[in-house]
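S.K.: Construct the complete structure from the given sequences, taking the supplied hints into account.
2 protein chains.
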Amino acid sequence: MHTEIKKTHIDEFKDLLGARETESIKKLVKDLHASDVGRIFQGLDDKEAMEFFKLLTSVMASEVLLDVDERQRQKLLDSLQPERLIEVVDEMESDDAADIISELPAEEARHVLDGIDVKDSIDVQRLLVYPEDTAGGKMQTELVAVPGHATAEQGIEEIRKKSAGMENITNIFVVDTRGRLIGVLPIARLILSSPTVRISDIMDSDPIKVTTDVDQEEVARLFERYDLLSLPVVDDRDVLVGRITVDDVVDVIEEEIYEDFYHMAGINKEERITDPPARSLKMRAPWLIINLGTAFLAASVVKIFSGTIEQLVMLAVLMPIVAGMGGNAGTQTITVLVRSLALGELEMKDARRILLKEVTVGFLNGLIIGVGAAVIAYLLGAGPVVGLLIFLAMIANLVIAGFSGAFIPLLLKWLKVDPAISAGIFVTTCTDIGGFLCFLGLATIFIRMGFL
Amino acid sequence: MHTEIKKTHIDEFKDLLGARETESIKKLVKDLHASDVGRIFQGLDDKEAMEFFKLLTSVMASEVLLDVDERQRQKLLDSLQPERLIEVVDEMESDDAADIISELPAEEARHVLDGIDVKDSIDVQRLLVYPEDTAGGKMQTELVAVPGHATAEQGIEEIRKKSAGMENITNIFVVDTRGRLIGVLPIARLILSSPTVRISDIMDSDPIKVTTDVDQEEVARLFERYDLLSLPVVDDRDVLVGRITVDDVVDVIEEEIYEDFYHMAGINKEERITDPPARSLKMRAPWLIINLGTAFLAASVVKIFSGTIEQLVMLAVLMPIVAGMGGNAGTQTITVLVRSLALGELEMKDARRILLKEVTVGFLNGLIIGVGAAVIAYLLGAGPVVGLLIFLAMIANLVIAGFSGAFIPLLLKWLKVDPAISAGIFVTTCTDIGGFLCFLGLATIFIRMGFL
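Chains as they are written, first to last, in our numbering: chain A, 3 to 454; chain B, 3 to 454.
Since the hints were derived computationally from the structure, they do not count as laboratory data.
There's no promise every hint is true.
As a list, the in silico DSS-like pairs of lysine-lysine whose alpha-carbon atoms are at most 30 Å apart [unchecked claim]:
1) Lys56(A) / Lys32(A)
2) Lys271(A) / Lys351(B)
3) Lys9(A) / Lys351(B)
4) Lys359(A) / Lys29(B)
5) Lys359(B) / Lys284(A)
6) Lys163(B) / Lys121(B)
7) Lys16(A) / Lys415(B)
8) Lys359(A) / Lys16(B)
9) Lys351(A) / Lys284(B)
10) Lys29(B) / Lys351(A)
M.R.: So this is what it looks like as structure tokens:
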């Protein structure tokens, strides 16, 4: 029975490492899944991790290196002897090898590229050219390709030749004499075919494919939409150059979604809760400083109305309610919209309809929340005119929230800027300023007109 | 070349539907991927969608029904004749059929269950028992299982028998005489084996598996951690009852992450940006009303200090800065923490360390942002004592933000409540009240002591 790694397992390894029981450790590791060994590394301090890493086989070390977080990987890479590093990288699939080599200093990267298998080295160097977040950057060069005139039997033979260093073979790709992709064949179908049938007669001849420059977000969307297990990648002359497998895409999907929400909250996508305080501080303070700037703008608006507040302190009590509810409503709109934009459910043509809808929802929510706010004003001792005032200001600010919550992400998208990254701060700036301006401005008018 | 559906394609279909060109439509649809036909439905109004749906084959209709959003699915289901509904459901895999049937009114569900293939009906009824968000609710009963003593050739024969109604066969499962799971065999390995070799000699005998009651979030985590393509599901006696495939898990991963962030922003997970205003209103207003309640609490705190504000209106200008920055910092902490909790990177044992770290980050951020806030106070015309006041209050409130941002999600997790769903509102309540209390309370003390 497969057992999951628990804290007790990690403690056991810590004890064994402390006692330098290398043989017991090696024996224990042999029965574990690489990703479970990765989990153990999570629980070790740097010194223990380096000790442990030395005891692993090259295969296991290569998988662990890919499994641990970036910070620990850096530590482990630094601790490796050059020859051992070459051995470990040689065990990796081309895409993983390229990822690791791209993290090395130039000289060390060159040394590893010279040390590993020549064919692998050429593949890896080709992959290093592509930006990390494109199909080219995500693909691996290990794949099974056969000409269309080959038979099913020859297809199986080709799988046999390639299968040693490859995981997750679910499809074979069919190419013409120039290497251009002409079809895809699931191996479940290959297995059921007569050995002498031609591959071109049983393949899917209209395969879903991408060019190397396609963004990883688009790649993920194709996997989802068509329930793919692997996706062929072609160059601009349609020549098959790699494949992307579903397990890599799962990570991309997760990364992309978290990135959106991290951006909305002003967090660097690399941050993890277990990072040391200094690192978290470095990543979070800049965003807070930017926010402080927008808070300054909002406070300036309040400053303008100091005189009004002096006449009626109740305004100071109630004004954060108007601003805050606008922020909440704006965040709701952004969150739903960012999701739709990320999933490609919206086109720019829909912009006008979305804006109108969000303004409508803002107005209707304003009616409801405005009444609630008037009740709160009454409970806090304000008179009926202040109640009317907060009711009107709330409607105005929730309309502002709906409009800016929809307009700003759409505008950023149209400008080809990530809508998540700055929408949150723009929208809350709008709702803070809008809230104070509507509420205090209206109050000033009410006072001048003698209602208050 | 596979082409993606664009707005122009949808318009073309709208025109053809308007002109009742049923033959042209049928011809066009035949060359499309089911999921692309689903995209076309997204662009149609309800009447067009029902017209179009009638023209689809049962196979295509079954796939489209699973692809469209919940609201449209309901419309299409309502429009179907009972006999046609049976045909369409009969084309589905067991898990999808169960999902659809569970959305039908009881009588209609019974009618469909009586109408479809008897064996399918038994499978579907068995699946209907499991909660939707568990392994049992996500699994399908279609799978290839063989006894360990079978040969590779017999394994292939078994795949042949089952393959007609099944997609994504990547593994075969190996069972003992009582149906208990004893191993898993990737078909890529089966294909390369000698026909006479015993399955039990080439299978992986320590398979990763789950019981039917395991939560879908845990299922998704196993797929990610071990790069699985399919996962066997067993009952409490270890008998193989189903499998979950990676394409279903991709949806779960996405759903779970968006759910967390929707919860944080106070959005119902079913909401989409394209929903009509009335539906969005119904989903968003309750959350805003709850928020209004917490805004009332914060305003009450300000009310207590009305006298203090009356003496120095500058306090009203600056107080939203202290409260707002606390909210921003608290949201940063929650976002990073919710991610870690969702990915299972944290255990409750780490709680004390995380709390200490977040309080430290809060304090250090407080020093930086506090200085910035003092500068802003100066720019807005406040004196040096008010500058000191906002500096101290900011440090206090960012410590509150760090503490509550970490403590509340951890507490909710410990109470087995979804930490995302209510953490946001609790934390901003803490930082609003904390901000006003620290700033205005300290100001009151300063005034009493004659500093202000």
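S.K.: Could you run down the list of hints and mark each one as holding or not?
M.R.: We went through each hint and held it up to the structure:
1. Lys56(A) / Lys32(A): Cα-Cα ~14 Å, so holds.
2. Lys271(A) / Lys351(B): holds (25 Å)
3. Lys9(A) / Lys351(B): holds (9 Å)
4. Lys359(A) / Lys29(B): violated (36 Å)
5. Lys359(B) / Lys284(A): holds (14 Å)
6. Lys163(B) / Lys121(B): Status holds; Cα separation ~15 Å.
7. Lys16(A) / Lys415(B): Roughly 28 Å separates the two Cα atoms, so the pair holds.
8. Lys359(A) / Lys16(B): holds (23 Å)
9. Lys351(A) / Lys284(B): holds (26 Å)
10. Lys29(B) / Lys351(A): Given pair Lys29(B), Lys351(A) holds - Cα atoms ~28 Å apart, limit 30 Å.
Figure legend: structure checked against the earlier numbered hints; the only hint not met is number 4.
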